[in-house]
Structure formats: C-alpha cells, structure tokens
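**Q** Throw the hints in and build the complete structure from the sequences for me.
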Amino acid sequence: MQDDPRIEPLLRVENLSKRYASPVLREINLEIMPGEVHALMGANGAGKSTLARILCGLTIPDGGRLFRSGKSFAPQNKRDAQTAGVIMVMQELNLLSTLSVAENIFLDRLPQRAGFICQQQLTRMAVEALQRVGLSDLLPSTIVGTLGMGVRQLLEIAAALARRCQVLILDEPTAALTQREVDLLFSNIRRLQADGVGILYISHRMDEIRSIASRVSVLRDGACVAQYPTGDVNPNQFIRDMSGGESTFVLPRVKKNKFRSTVLTVEKLCVGVRIREVSFSLRSGEILGLAGLVGSGRTLTLRALFGAVRATSGSVTVGEGASGLFTHPSQAVAAGMGMVPEDRRHDALLLSQSVRVNATLSTLPIHSKRGWLNVHSERHSTNRLCDRLKIACKTPEQTVDELSGGNQQKVSLGRWLERSCEVLLCDEPTRGVDAASKASIHNLLRNVAAEGTGVLVVSSELSELFSLCDRILVMSNGRMTGEFTADNWSEEVIHAAAFKGLSTAHRESVT
Amino acid sequence: MKILKDHGDTVGILAVWILLVLLFGVLSDHFLSANTLTTLAGRIPALTVIAAGMTLVLIVGGIDLSVGSVLGLSSAVLGLLMVDWKVPLVISAPIAIVVGMLAGTVNGLFTVGLRIPSFLVTLGMLEICRGAAYLVTRSQTKYIGASVEPLASMLPGTTFPISFFLSVGVVVGLQVLLEKTILGRHIVAIGTNEHAVRLAGIDPRPAKILVFLVCGTCAGVGSLFHCARLGSADPNAGSGMELAAIAAVVIGGTSLLGGRGSVIKTFIGVLIVATLEAGLAQIGASEPLKRVVTGAVIIAAVSVDVFRRRCIGENV
Amino acid sequence: MKILKDHGDTVGILAVWILLVLLFGVLSDHFLSANTLTTLAGRIPALTVIAAGMTLVLIVGGIDLSVGSVLGLSSAVLGLLMVDWKVPLVISAPIAIVVGMLAGTVNGLFTVGLRIPSFLVTLGMLEICRGAAYLVTRSQTKYIGASVEPLASMLPGTTFPISFFLSVGVVVGLQVLLEKTILGRHIVAIGTNEHAVRLAGIDPRPAKILVFLVCGTCAGVGSLFHCARLGSADPNAGSGMELAAIAAVVIGGTSLLGGRGSVIKTFIGVLIVATLEAGLAQIGASEPLKRVVTGAVIIAAVSVDVFRRRCIGENV
Amino acid sequence: APKEVDHNAPVTGKTPCIALIMKSLANEFFSTMAEGARKHHNDNKKTYDLVVNGMKNETDFSEQVTLIEQMVARSVQSIVIAPADSKAIIPALKRARDAGVLVINIDNRLDPNVLIEVGLTIPFVGPDNWEGAKKAGEAVARMLTKGDSVAIVEGIPTAMNSQERCRGLRDAMNDAGMNIVSSQSGQWEMEKANSIAAAMLSEYPSLKAILCANDSMALGVVAAVAASGRSADVKVTGFDNTSAVGEMIVNGRIVATVDQHGDQLAVHGIEIALSVLAGNSTPKDTTTAVDLVMRKDAR
Ligand SMILES: Nc1ncnc2c1ncn2[C@@H]1O[C@H](COP(=O)(O)OP(=O)(O)OP(=O)(O)O)[C@@H](O)[C@H]1O
Ligand SMILES: Nc1ncnc2c1ncn2[C@@H]1O[C@H](COP(=O)(O)OP(=O)(O)OP(=O)(O)O)[C@@H](O)[C@H]1O
Ligand SMILES: [Mg+2]
Ligand SMILES: [Mg+2]
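Chains as they are written, first to last, in our numbering: chain U, 3 to 513; chain H, 5 to 320; chain L, 5 to 320; chain X, 498 to 796.
Treat the hints loosely; a few may be bogus.
[As the list claims (entries may be wrong)] Partial list, computed: chain U residues near chain H (C-beta under 10 angstroms): (1) N96; (2) A116; (3) Q195.
[As the list claims (entries may be wrong)] Straight-line Cα separation of at most 35 angstroms, DSBU-like style, residue types lysine-lysine; simulated pairs: (4) X:K781 / X:K543; (5) X:K632 / X:K543; (6) X:K543 / H:K90; (7) X:K553 / X:K543; (8) X:K689 / X:K536; (9) X:K542 / X:K553; (10) L:K90 / X:K536; (11) U:K396 / U:K371; (12) X:K643 / X:K632; (13) U:K396 / L:K184; (14) H:K90 / X:K553; (15) X:K553 / X:K591; (16) X:K536 / X:K553; (17) U:K371 / U:K392; (18) X:K781 / X:K553; (19) L:K90 / X:K553; (20) L:K90 / U:K371; (21) U:K260 / U:K502; (22) X:K536 / X:K781; (23) X:K643 / L:K90; (24) X:K793 / X:K536; (25) X:K632 / X:K553; (26) L:K90 / X:K689; (27) X:K632 / X:K536; (28) L:K184 / U:K392; (29) U:K270 / U:K260.
[Stated by the list, open to error] Here chain U is said to cover these stretches of chain L; the calculated rule only asks that three of the stretch's residues, wherever they fall, bring their Cβ under 8 angstroms from a Cβ of chain U: (30) 189-195; (31) 199-209.
Don't read these hints as lab results, they were simulated from the structure.
Cβ atoms here follow ideal geometry from the backbone N, Cα and C, with glycine treated the same way.
**A** Written out as structure tokens, the structure reads:
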C-alpha cells in the first residue's frame with residue numbers, strides 16, 4: 003500500500019533537525035501512511051521522544067519541514083497538533099494526581115454547559131473510554147493519586163484513544179504493562195488501522211514490533227540509519243544498526259549462582275486489604291522474580307517491606323537482623339536493603355539536579371570525609387557509572403530532567419549499584435531501557451547477585467523474568483498465587499496463577 | 005464512619021470550631037449569646053471574601069500578599085469618592101471594586117507574563133497599594149457616615165448583616181466555581197502540576213491571571229464591607245490582613261503548595277480565627293496571653309486534622 | 005560571556021544593587037560617602053543573619069514566619085538578663101542565642117513530627133514568641149546602654165562594625181555548609197524532592213529539624229546585633245522582619261518551592277533592601293512615595309533577573 | 498432615633514462592669530495605662546468589674562471596633578476608650594450607646610464634627626498632645642540658635658496623636674525660627690526611626706536636633722546619633738516618658754520628653770464612668786496635665 007504513489011502519506015517528515023547543546027536529531031526523513039503502524043526504534047537517547055514531541059507540537063524543531071496529508075504543518079503547541087488530528091501518548095506520565103480519572107482523561111475537553119461540567123455525560127464518556135483499555139472496574143470518580151503505574155499508563159492510552167485522530171503516536175506505551183493489557187492495546191491499534199489511522203509506535207520490545215508494525219525505522223544518535231519492512235527484520239542486523247557496529251547484545255546465560263544463606267524473609271505481610279498475607283524468602287545470590295497483572299500489588303509489596311508504606315501486620319527479616327516491620331526506608335537501607343522504585347520521576351529522581359547529585363544520593367558517605375563532600379570522587383564515580391550503564395549524558399553536571407527516559411531510569415538504578423546491599427528490590431528496573439542496555443543491566447544484576455546480594459525483581463515483561471530470574475513468584479489481587487522455577491515455568495502457568503486471585507476475589511464478593 | 009471519610013476534613017475542622025465556641029462559653033458568661041453571634045457575623049465578611057479569593061490563589065499554586073493593601077486602596081478610593089467628591093455609593097462602590105480588580109489583574113499579569121514568583125509581585129504590590137492609599141487620602145481617615153452603612157445593616161427579619169450573607173454567597177459561589185466548572189478544574193489542575201497541564205494542551209495562563217483578578221476583586225468587595233462596618237474609609241485598613249487570610253485558608257486545609265483546597269473549609273477557618281479573637285476579647289485576656297493562645301490554637305487546629313487523618317489510616 | 009553564564013545570576017542581581025547605589029548617588033548629595041557605607045554596614049547585620057538562616061529554610065522547602073518574633077523574644081530575654089538581673093553580656097548573649105535555638109527547634113519538631121505545614125507552625129510561633137517577649141519585659145523597652153554596644157563598635161582598623169564581619173562570616177559559613185557538606189546536599193535534595201530522598205534511604209527529618217534550628221539560632225544571633233546597635237532591648241523588635249527577610253532571600257533568587265538557592269545571593273538581596281531604605285530616607289521621600297518605590301523596586305529587581313535569563317536563552 | 502439611656506437606673510444585682518479599650522498593649526504607654534487601671538480596680542474590687550483590652554495591630558482600628566462590639570455583646574455597663582482613630586470608630590460607639598452602654602473617651606479626642614453629625618456627646622478626659630509637644634519643642638529651641646537645622650521623626654502618619662505632636666513640634670520650631678530640613682515617619686518603631694535618623698544624619702551634616710513623636714523612636718535615634726559620633730552636637734527629644742528613657746534623660750542623651758501621666762489617664766476615665774453610673778451628671782471635657790520632663794525633673 004505504501005508503495006502506491008497516489009496515496010499521500012498522512013504525515014511526512016523532511017530533513018528534520020533539532021539541537022539542544024549538541025544535535026539531537028539530524029536530517030530525519032520519515033513517512034506515516036494511512037493504516038500503517040510505523041515503528042521507531044533506537045538506543046536510549048537516540049532522539050525518538052524528541053521526534054515524537056516535535057510531531058505533536060511540544061518541541062519546536064530547528065530545521066526541516068513537516069507535511070500533514072501533503073499540507074505544510076508546523077504545530078506550535080499541542081492544540082495545533084490536535085486540531086490537525088495528531089495525538090500522542092507520551093513516554094512520561096502526565097496525569098494530575100488530585101483530579102479524578104474521568105477529569106484526567108478529558109481534561110482539555112470536559113463536557114460543559116455554560117462553563118459547568120456535565121457530570122453525567124463525563125462519567126458516561128469516561129466509562130466508555132475505560133472499557134476500551136480493559137479498566138471497566140475502575141470508577142471514573144477515583145482520584146488518580148491513589149492508582150498504580152500500570153493503571154496510570156492505561157489511563158494515558160485511554161485518553162488518547164478517546165480522541166478522534168488521524169495520526170497516533172505511542173511513545174513506549176507498554177513499558178509498564180503486562181501481556182493482557184498489551185493484547186488489548188494491540189486490538190485497539192488494529193481497529194484504528196482498519197479506519198485508516200496512521201500510527202507511529204515507539205518501543206524497545208522487539209517481539210511487539212514484530213507482531214504489530216509493518217515498517218521499522220531505526221534511529222542512531224539522532225540520525226535515521228535504516229528503514230525496512232518488519233518482515234525482513236533480522237535481530238542481529240537490527241542491533242548492529244542501533245548500536246553502530248559492535249554488538250554487545252547477546253550474552254551468555256551465566257552459570258547458576260550458588261545460593262547461600264537466606265537474606266530476606268517476609269512473613270504474612272499485610273497492607274490493609276490490598277496486600278494479604280504475603281510470605282516468601284530470598285537467598286543470597288538469588289534473583290527472584292515477581293510477576294502479576296497490573297494492579298496485583300507487586301509494587302505495594304515492595305514498598306511495604308521497604309518501609310515506604312506502613313504495613314498493617316507481618317514481619318520482615320533482613321539477613322541476621324531482627325524481624326519486624328520497617329517504618330521508614332532509612333531503617334531498611336541501614337539494614338542492608340536498596341530499592342529501585344517504579345516511578346522514577348516521582349519517587350527516585352531529583353529532576354532539577356545534576357546526574358552527579360542524583361547518582362551519588364545514596365552513597366554520599368563514601369564520597370565524603372567527616373561530613374565534607376569530595377566532589378572529585380563524586381564525579382569520578384558518576385563517570386564510571388555512565389560508562390557501565392551507557393548513560394548518554396554530556397557531562398555529569400547535566401540536569402537529569404534533560405536526559406531521555408531510558409537514561410533517567412539508568413541513573414535511578416545506578417544509584418544502588420555503587421553500594422553493596424544485602425537485598426536489592428528492583429521495581430521494573432528496565433522500564434524504558436533499550437535492548438542493549440537492558441542486557442548490560444541484566445548482567446550487572448547477575449554480578450550483584452553473584453557477589454552475594456539477594457535481588458528481587460518486579461517486571462511486567464515475562465520474557466525479562468524468564469531470562470533473568472532463578473525463581474518466579476506470582477501475585478494476584480494482593481495474594482501470592484504461585485511459585486515457579488526454570489524447570490516448571492511457562493507463560494501459560496504464570497498467566498493462570500496471575501488470574502487466580504481475581505477469581506477468588508470474585509467468589510468472595512459473590513458469597 | 006462513612007461520613008467521616010467523605011467529609012472527614014470538614015467535620016474535623018468544624019469540630020475544632022465548636023470546641024472553641026464551647027470553651028469560651030464556659031470561660032465567659034456572655035459568650036454563648038445571640039449578641040455574640042451577631043457581632044461575629046458583622047466582623048467576618050471582609051476577611052471571609054478575602055480568604056475565599058486567597059483560597060483560589062493558593063490552590064492555583066500562588067500566593068497574594070497584597071490583599072490587605074488592596075483593601076486599603078479600595079477603601080481609600082471609596083472614601084475619596086464619597087466624601088470629597090460626593091459620589092453616591094451605587095457609583096463609587098463599583099469603582100472601588102474595579103480598583104481591586106485592576107490591582108489583582110496587574111498581579112496576575114506580572115506573575116504570569118514575566119514568570120516572577122507571585123510572592124514577590126504581590127509583596128511589591130503590597131507596598132505600592134499602601135503607598136497609593138496614603139496618597140489618595142493624604143493619610144487621613146475619611147468619615148463617610150450613614151451613606152455607606154446599609155451594607156452592614158441587618159437583613160430584615162434576621163439578626164445578621166447583609167454583608168454577612170453576601171460574603172457567604174461569595175464563598176458558596178467560589179466553591180461551586182471550583183468544583184463544578186471547567187475553570188475550577190483547571191485551577192486545581194494547574195496547582196497540582198502546571199507543566200502537565202501545559203502538556204495536556206491547555207494554556208494555564210488565562211486561568212492563573214483570572215484567579216489573581218478574582219482575588220483582587222474579592223479584596224475590593226471586602227473594602228466595601230469594611231467601610232460599611234466602620235462608616236469610614238481608612239488608608240491603613242487591612243494591614244496585616246494577608247497573614248490572617250492565609251492563616252484562615254491554611255487552617256481550612258488548603259495546601260500552600262497548590263492543587264488542594266476548599267473555600268467552604270476556608271470559611272470555617274475564618275470562623276475559628278474570628279471566634280478566637282472575639283472570645284479572648286470577651287474574657288479580657290492580656291495581650292501577651294492573647295498572642296500565646298492564638299499561636300497555640302493555630303497549631304492545635306491543624307494538629308487535630310493531622311491526627312484525624314492518621315486515625316482513619318490515610319497516608320498523610 | 006562565560007562569566008555571565010556561570011555566575012550570571014549573581015552578576016545580574018549585583019548589577020541591580022550597583023544601579024540602585026548610583027541612582028541614589030545622583031539623587032542625594034551625600035549618599036556616595038564612606039559614611040553611608042558605614043551606616044549601611046551597621047544596619048544590616050541582623051537582617052543578614054536572619055535572611056541567611058531563612059535561605060536554608062526556603063531551600064529545604066519550608067518557610068519560617070517566626071524569625072522576627074524570635075528576634076523580639078531573644079532581645080527581651082537579653083534585656084531582662086542584662087538590665088534587671090545584671091548578668092554580664094558574655095553570659096546573657098549565649099542565653100539569648102539559645103532562646104532562639106529553642107524556638108527554632110520547636111518549629112522544626114512540630115513541622116517534621118506532626119507533618120504540619122511550616123507556614124502554620126511558624127505563624128503560631130510568631131504569635132507565641134511575641135506574646136512571650138511582652139511577658140518577659142512587661143511590654144517595656146529595656147535600655148541596656150554601653151555594656152551591649154561592643155558588638156556594634158568598629159573593628160579596629162576598619163570603618164565597619166564587628167557585627168558586620170560576624171554576619172558576613174555567617175553568610176559564608178552557611179554557603180559553605182550548603183555547597184560542601186553532606187548536610188547541605190541533603191538540604192538541597194530534600195527541597196527538590198523529599199519523597200525521593202526518603203526512598204533513597206535518607207531520613208529527611210533530622211536535616212529538616214536542623215535547618216529550622218539553624219534559622220532560630222540565626223534569629224537569636226540577630227537579636228544580639230539588633231540590641232547592640234540600638235543599645236536597648238525592645239519586645240517589639242523585629243516585627244515585620246520575616247517579610248523583609250523572605251523578600252531579600254527571594255530577590256536573591258532562592259526558590260520559594262525549595263531545592264534551589266544561595267546564601268551569598270541572599271546577602272546581595274539584603275543589600276538591595278537596605279540600600280533602598282537608606283536611600284529613600286536620605287532623599288527624604290514621603291511615606292507614600294517610599295512605599296510605592298519600594299514595591300516597584302522589588303518587582304523590578306526580579307524582572308531584571310528574568311530578562312537576563314531570557315537574553316542568554318535559558319529556559320526560565 | 499436613639500433611646501435616651503437612663504443612667505440613673507440603679508444597677509441591679511451585680512457590680513457594674515467597665516470595659517477599658519486601648520490601642521496596642523505592646524506599647525508601653527498603654528500597658529502603663531492598663532496597669533494603673535488594674536491597680537485602681539484591685540483597690541476597689543467591690544465597686545466594679547474591669548475588662549481590659551487592646552489591639553494587636555496599632556493601625557488596624559477595625560479591631561477596636563470589634564472590641565467595642567464584643568464588649569456590648571458582653572453587656573458591660575460602660576466603655577472607657579482610647580480611640581485608635583478619632584473618626585472611624587464613632588459609628589461603633591454610637592451603636593454601643595444605642596445599646597445602652599455609657600461611653601467615656603480618654604487619651605485621644607474624638608472628632609467633634611463627626612460627633613455632632615451623628616448626634617453624640619461623649620465626655621473626654623485626656624492630655625493635649627499638641628501642647629506637650631510644643632513644650633518639648635520650646636525646651637529644645639532654647640538650647641539651639643535661630644536658623645539651626647532640625648528634623649522630625651513622626652509616628653504612623655494616619656494616627657491623630659502623631660499628627661498633633663508633630664504639629665506641636667513644628668509650631669515650636671517655626672516660632673523659634675528653626676529650619677526643619679526633614680520630617681519622616683518612623684512608624685512608632687525604634688528600628689525604623691534608627692535607620693531614618695542614620696540617613697538624616699548623613700544627609701544633613703549640620704543637623705542640630707531630632708525631635709521624635711515618641712520615646713521608642715527617640716531611643717533608636719539616640720543610637721543612630723551615637724553611631725555617627727555626634728552625640729555632643731545633636732539634641733534628641735521624645736514623648737511619653739517611658740521607663741527606658743529615664744536614664745537617658747539623666748545622662749543627657751535625650752534632652753526632653755513629655756509625661757502624660759498615662760497611669761492616671763484610665764483611672765480618671767473609670768472614675769468618671771463610675772460617677773455617672775452612680776447617678777451623677779455627665780461632666781464636661783477635662784484636659785489632663787502634660788509635663789515636660791528634663792534632666793532636672795528626671796526620676
Ligand atoms: N530539554 C533538553 N535539554 C537538553 N538535552 C535534551 C533535552 N531533551 C532531550 N535532550 C537530549 O536529547 C537526546 C534525545 O532524547 P530523547 O528523549 O529523544 O531520547 P529517546 O530516544 O526517547 O530515548 P529513550 O529511549 O531513553 O526514551 C538525549 O541525549 C537527551 O539528553
Ligand atoms: N495509596 C494507595 N491508595 C489506594 N490504592 C492504592 C494505593 N496504592 C496502590 N493502590 C492500588 O492498589 C493496587 C496495587 O497497586 P500496585 O501498584 O502495587 O500494583 P502493581 O502490581 O505494581 O501494578 P502496576 O505497577 O503494574 O500498576 C492497585 O490497584 C492500586 O491502584
Ligand atoms: Mg524516549
Ligand atoms: Mg508496579
């Protein structure tokens with residue numbers, strides 16, 4: 003279809019360039035045809051989000067031109083782009099935590115009569131929008147501040163899908179979603195495709211792109227280095243295109259660690275009604291995965307045992323320490339724990355501070371003598387971290403806010419790698435991280451484990467858990483519903499366990 | 005329990021007020037009388053409307069330190085018009101309100117246009133308006149007399165002044181604006197995360213300017229109530245009122261960081277502040293004691309709310 | 005250009021000050037004299053230390069409205085000790101400082117322990133300390149006389165008082181604390197995102213309490229400078245100083261939202277505020293004019309900074 | 498139309514309650530006044546009850562109106578008031594009178610024109626600020642030579658007593674042929690007065706005297722004069738005779754202040770109120786003594 007010269011592309015990008023301190027986009031050319039899913043891939047910091055932001059008017063380019071169905075198109079703000087039918091789901095969540103779900107979805111077009119909100123109509127619209135993404139159980143009047151990441155991501159998608167559009171841009175929409183939600187999203191995409199909508203799909207997940215996209219463009223250092231139909235994709239070629247030659251991607255599965263003593267024991271942990279009697283243990287050197295559906299309570303479990311949220315009952319034991327509950331994260335850290343939170347911008351990063359300040363936040367005592375900081379030592383260790391994790395930043399003094407999403411994630415993770423923890427809790431540690439860096443992060447985590455740390459990884463991507471973990475626990479609706487090892491795990495059994503709690507809940511509510 | 009969860013914060017702060025009333029009732033023989041209530045109702049209208057306007061400003065993430073001075077300037081203008089130029093109330097009252105509105109608009113334009121923190125803009129405006137008020141009246145109190153007093157006279161059939169009902173009307177109106185209108189939702193949204201609002205394709209600037217405009221207008225309206233009660237216009241009127249207003253708003257649970265707040269609860273905050281003042285005066289507390297008790301009650305009033313939230317297990 | 009980028013904000017605000025000095029130099033015959041400088045240096049120490057302490061509080065994301073009253077209370081205690089009880093300065097000065105420190109600590113404990121907004125806690129403390137100051141002195145000004153004045157006497161060999169050098173020392177000390185120590189880093193981090201700091205395994209509470217403690221201590225030290233200059237202890241001392249201090253801090257570019265600020269620039273902010281006052285008094289401006297000009301300069305000072313940033317293309 | 502209140506009606510049951518309403522009790526003058534009243538009350542516990550109130554903020558007289566209203570609500574028999582503003586609180590006082598409360602005016606005289614306009618007569622007991630200030634001014638003028646430069650530090654510009662005192666000072670200076678080079682407001686505050694005086698001293702090297710509208714400001718001015726090293730040349734005067742200036746009068750750093758006998762002022766008012774409540778007729782206005790305090794009379 004896209005070869006037919008008579009069909010105007012919905013969106014055409016010509017020689018687009020943008021620079022901040024250094025060039026971020028160089029002479030990009032791209033087309034999105036009606037009914038096409040055009041995938042965009044590239045390493046962290048390659049410029050994907052910048053390109054997407056330019057298309058929907060959030061960033062003004064320095065050079066080049068855009069055409070929307072053949073007509074010149076220069077959106078100055080998001081409104082302009084929306085009027086032209088270009089809609090985007092951004093990589094970072096932008097929901098307002100004090101407003102309700104319905105108000106967030108329709109914030110800039112609340113149904114009104116003389117300035118007054120028509121509450122009923124709003125609720126009706128919201129229910130419809132929520133259904134589309136599988137959130138029919140969520141009340142439209144729920145305040146967003148109480149929701150988890152996964153649900154928030156779905157809300158962002160719902161907000162975009164609730165608009166009439168010709169071009170839909172999705173910037174890593176599935177980074178915090180599990181297979182169920184991804185499938186639902188894809189069926190939505192296919193429906194739009196059938197209506198002739200063009201879609202630009204940004205993701206680091208190869209399998210997704212293979213199943214939904216018809217064409218792939220690869221960005222490297224702001225330049226478009228390759229473009230091919232998805233059918234022709236050869237993974238190794240891909241990796242080479244993205245990284246520019248050396249392929250560090252394929253890593254040998256390291257030999258099994260020897261597990262030694264137990265470093266973490268959790269017994270009957272409860273948080274209100276949301277987490278119910280969760281028990282498990284983690285041994286030194288082990289990487290334990292925690293799987294489950296969106297909203298199953300994985301994040302809450304981690305936060306509760308780290309002391310970031312008050313648990314109602316239960317006990318947590320770290321290493322040889324006393325068992326009990328932590329009431330403040332500083333106690334957990336003192337006991338030898340570390341946690342990479344799921345929401346990096348809100349829970350981990352000091353956005354307006356430099357990479358250095360962020361990277362060394364938890365390790366300041368190492369970089370100081372009697373309370374006096376040694377900035378050289380900080381810089382040194384930040385540089386080392388940037389090398390190890392391939393963090394693309396100009397200098398350690400660049401503010402974190404200016405980094406790309408994946409690089410921000412690496413900073414948030416890197417903070418804990420410089421100190422030796424007994425237990426490291428990782429909540430979606432590779433959210434938004436490109437394939438090559440993901441592999442090196444996996445490698446790092448394995449090394450950390452090999453040194454005797456117990457690692458607990460929450461991930462919504464099952465394949466990540468399969469390749470990384472020694473053992474996988476499954477949570478469903480706040481309960482532990484399954485435990486699997488490499489010998490007996492498969493997607494089917496884990497899915498089954500992930501749904502188990504829902505049916506129990508259903509039974510409970512019926513009786 | 006349900007009602008405590010839904011309206012818990014309102015109930016909590018209302019309880020503080022009732023406690024205060026009962027306490028003074030015990031301490032003073034004459035406190036629990038219709039007379040005290042009438043006095044209270046006559047005293048609060050100016051502070052009420054100003055605190056109501058301030059609530060919006062705090063919700064949108066700003067602050068307005070100029071309200072007291074703007075009230076002073078509006079009063080001064082009213083005095084000048086009615087006393088020196090013999091302009092009748094029906095014409096001079098709107099002009100006084102417009103003066104407040106203009107000051108508010110300037111606050112808004114500077115804050116939004118130059119992106120200067122509103123704290124500084126309104127601090128500057130505080131000085132400017134007070135100076136202007138002195139200039140306008142040549143530092144003299146203008147005695148207006150009966151012609152301005154109708155606003156403060158009792159609503160027929162009640163023992164509350166008209167100004168009280170008007171100020172309650174303003175409170176209700178602004179609360180409705182906040183909860184039921186698009187503008188109100190935008191105000192809350194901007195206060196929560198202005199950046200995200202911009203990313204949602206909404207220009208936050210008009211709403212922000214409007215909020216400052218409303219707050220200035222409230223100060224203008226407040227000046228009418230103030231002058232009506234005193235029968236005169238004083239260029240010093242309202243000095244220090246900004247802190248009293250902000251205190252009332254914050255006691256009412258509105259966050260200084262924006263994004264959360266309620267005008268109704270601000271009204272209860274005003275009641276607490278005014279009751280405290282009235283009660284301490286009636287028992288004839290000494291000045292130092294008054295100060296100390298006022299300070300302690302401010303802290304206690306908020307602590308109660310914090311404890312209530314802890315008890316129902318909310319994450320504070 | 006390089007220097008403008010690196011220290012642009014300092015240069016910008018310094019330029020505002022120099023402009024102001026030159027302006028008054030033109031308007032008044034005697035302004036540009038060593039005498040004026042000495043007077044200025046004698047006038048600012050109290051405000052300087054208080055604004056320095058306030059800078060830390062604002063950076064950590066709080067606010068301290070009680071500084072003026074705490075200064076009043078510390079003065080009152082100093083007066084009581086030296087005048088009524090004849091305690092020598094070397095003993096009563098530390099006690100006055102400790103009074104400030106205690107008030108600051110209470111502010112910190114309430115803010116952090118009960119998680120009440122510091123605005124309210126310190127507003128309460130404002131009232132309490134002022135009341136206590138009246139109680140301690142029975143509302144009387146205590147004339148201390150020569151025994152307290154050494155602090156305000158000139159440092160031998162210079163034309164600046166000792167208190168000036170001490171206050172500059174405090175400024176430098178706190179700036180070093182902020183930039184070079186773990187504590188300083190924690191303060192900035194907490195002001196940027198307290199939540200993230202908590203999850204990074206750092207308990208933000210001790211640092212926050214400490215900052216309020218430091219601010220209270222600064223107010224205590226300020227009271228010494230204040231009393232030394234005036235030779236007497238006044239329970240009304242420092243009323244309204246909180247706004248002047250906050251204005252100086254914010255003019256110096258510290259964000260009211262926390263996470264960003266510099267004590268050195270606060271010092272320039274203090275210079276601007278004090279120069280303005282001295283200059284206006286020297287040209288004999290009338291009270292209304294003073295007010296209007298002060299307001300306008302506050303707004304102008306910050307606008308200059310905003311324009312500078314726009315010019316070098318920074319994202320404001 | 499206002500009801501004629503029958504003050505002769507016997508006060509039934511309880512002893513009468515008198516409310517004393519003043520300006521800021523943070524001001525030593527008024528706290529002295531309050532203390533005098535309390536002492537009087539202690540000696541006459543059987544005869545009457547006393548409630549003492551002051552404002553928090555000297556310039557916010559709406560607070561005083563609130564106090565008047567509160568006292569009416571508290572059903573006091575009489576209000577003895579030192580008004581913060583001579584016009585603006587008259588409507589509130591009229592309401593108090595309409596509610597049957599006896600009002601006595603002390604310290605600061607209510608505006609006679611407005612009183613006539615609203616049809617009230619309120620007895621006044623208090624000093625003449627103009628006269629006191631004029632006395633202080635004349636005393637200083639005797640120490641200077643004709644044509645010398647002098648400056649005035651005013652109180653809050655809207656305050657009646659500040660205006661009266663400054664008028665008195667100005668009249669004295671003009672009569673003696675002095676040259677007033679500057680007159681600025683120190684807002685009644687020591688600290689403000691100090692910085693203003695410092696500026697005046699550097700602007701006018703020939704300044705010979707600084708006349709202040711109250712003692713608090715005089716203290717600040719003295720400090721500024723001392724800092725400029727011109728204590729020998731520049732004379733300072735105050736007003737109120739507060740305790741802190743006592744020593745300064747003795748050592749000559751302040752040459753003159755004015756005693757209005759604040760401690761007796763409220764007592765006078767209360768006594769008049771009691772006498773009227775007891776059925777005696779309402780007396781005429783009385784002006785109380787203002788005395789110049791100089792080195793020779795110092796305590
Ligand atoms: N406001 C800014 N100021 C300076 N540099 C910026 C800014 N925004 C983005 N950059 C830089 O532009 C580059 C591209 O960022 P972009 O967010 O487009 O990457 P991305 O391809 O989306 O990466 P990721 O996969 O991690 O999301 C990065 O190096 C980033 O540091
Ligand atoms: N503070 C809170 N108040 C009320 N509900 C909450 C709160 N935090 C989380 N929840 C709800 O509890 C459930 C568990 O959330 P949690 O974030 O732990 O899930 P998760 O398994 O990590 O899923 P994901 O991160 O993919 O959304 C969710 O439904 C969430 O909406
Ligand atoms: Mg991106
Ligand atoms: Mg999660």
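**Q** Next, verify each hint and record whether it holds.
**A** Here is how each hint holds up against the structure:
Here the hint on N96 of chain U is kept, as its CB sits about 4 angstroms from the closest CB of chain H, short of 10 angstroms. Annotation: A116 of chain U was flagged as interfacial toward chain H, and the flag holds, the nearest CB pair being 9 angstroms apart, inside 10 angstroms. The interface hint given for Q195 of chain U is violated, since its Cβ lies 25 angstroms from the closest Cβ of chain H, which is over the 10 angstroms cut-off. Note on K781 of chain X and K543 of chain X: the hinted pairing holds, with a Cα-Cα distance of about 27 angstroms set against a maximum of 35 angstroms.
Under the criterion of a C-alpha separation no larger than 35 angstroms, the hint pairing K632 of chain X with K543 of chain X is inconsistent with the structure, at around 40 angstroms. Our distance criterion of 35 angstroms between C-alpha atoms is broken by K543 of chain X and K90 of chain H, whose separation comes to about 52 angstroms. Taking the CA atoms of K553 of chain X and K543 of chain X, the gap is about 30 angstroms. The hint holds against a cut of 35 angstroms. Distance restraint check for K689 of chain X and K536 of chain X: the Cα-Cα separation of roughly 34 angstroms lies within the 35 angstroms cut-off, and the hinted pair is therefore satisfied.
Restraint check for K542 of chain X and K553 of chain X: the C-alpha separation of about 27 angstroms stays at or below 35 angstroms, so the hint holds. About 28 angstroms separates the Cα atoms of K90 of chain L and K536 of chain X, which keeps this hinted pair within 35 angstroms; it holds. Under the criterion of a C-alpha separation no larger than 35 angstroms, the hint pairing K396 of chain U with K371 of chain U is consistent with the structure, at around 28 angstroms. Of the supplied pair hints, the one linking K643 of chain X and K632 of chain X holds, its CA atoms being roughly 17 angstroms apart against a limit of 35 angstroms.
Restraint check: the Cα-Cα separation between K396 of chain U and K184 of chain L comes to about 24 angstroms, which is no more than 35 angstroms; the hinted pair holds. Between K90 of chain H and K553 of chain X, the direct Cα distance comes to roughly 34 angstroms. Compliance with the 35 angstroms bound is thereby established for this hinted pair. At most 35 angstroms may separate the alpha-carbon atoms for a hinted pair to count; K553 of chain X and K591 of chain X meet this at roughly 23 angstroms. About 23 angstroms separates the Cα atoms of K536 of chain X and K553 of chain X, which keeps this hinted pair within 35 angstroms; it holds.
About 29 angstroms separates the Cα atoms of K371 of chain U and K392 of chain U, which keeps this hinted pair within 35 angstroms; it holds. Distance hint between K781 of chain X and K553 of chain X is fulfilled; the C-alpha atoms sit about 31 angstroms from each other, no more than 35 angstroms. At most 35 angstroms may separate the alpha-carbon atoms for a hinted pair to count; K90 of chain L and K553 of chain X meet this at roughly 31 angstroms. Restraint check for K90 of chain L and K371 of chain U: not satisfied, since their Cα atoms lie roughly 45 angstroms apart, outside the 35 angstroms limit.
For the given pair, K260 of chain U sits about 32 angstroms from K502 of chain U by alpha-carbon distance, which is consistent with the 35 angstroms threshold. Note on K536 of chain X and K781 of chain X: the hinted pairing holds, with a Cα-Cα distance of about 26 angstroms set against a maximum of 35 angstroms. With a C-alpha separation of about 44 angstroms, the suggested pairing of K643 of chain X with K90 of chain L is violated against the 35 angstroms cut-off. Between K793 of chain X and K536 of chain X the alpha-carbon distance is near 29 angstroms, which keeps this suggested pair within the 35 angstroms criterion.
About 31 angstroms separates the Cα atoms of K632 of chain X and K553 of chain X, which keeps this hinted pair within 35 angstroms; it holds. Our distance criterion of 35 angstroms between C-alpha atoms is met by K90 of chain L and K689 of chain X, whose separation comes to about 28 angstroms. Simply put, K632 of chain X and K536 of chain X have alpha-carbon atoms about 30 angstroms apart, close enough for the 35 angstroms limit, and the pair holds. For the given pair, K184 of chain L sits about 28 angstroms from K392 of chain U by alpha-carbon distance, which is consistent with the 35 angstroms threshold.
Taken as a hint, the K270 of chain U and K260 of chain U pair is honoured in the structure, with Cα atoms around 27 angstroms apart against an allowance of 35 angstroms. A count of 4 residues in the region 189-195 of chain L with a Cβ less than 8 angstroms from any Cβ of chain U is obtained; the coverage claim is therefore met, three being the minimum. Given a C-beta distance limit of less than 8 angstroms, the hint that chain U covers the region 199-209 of chain L holds, as 9 residues qualify and 3 suffice.
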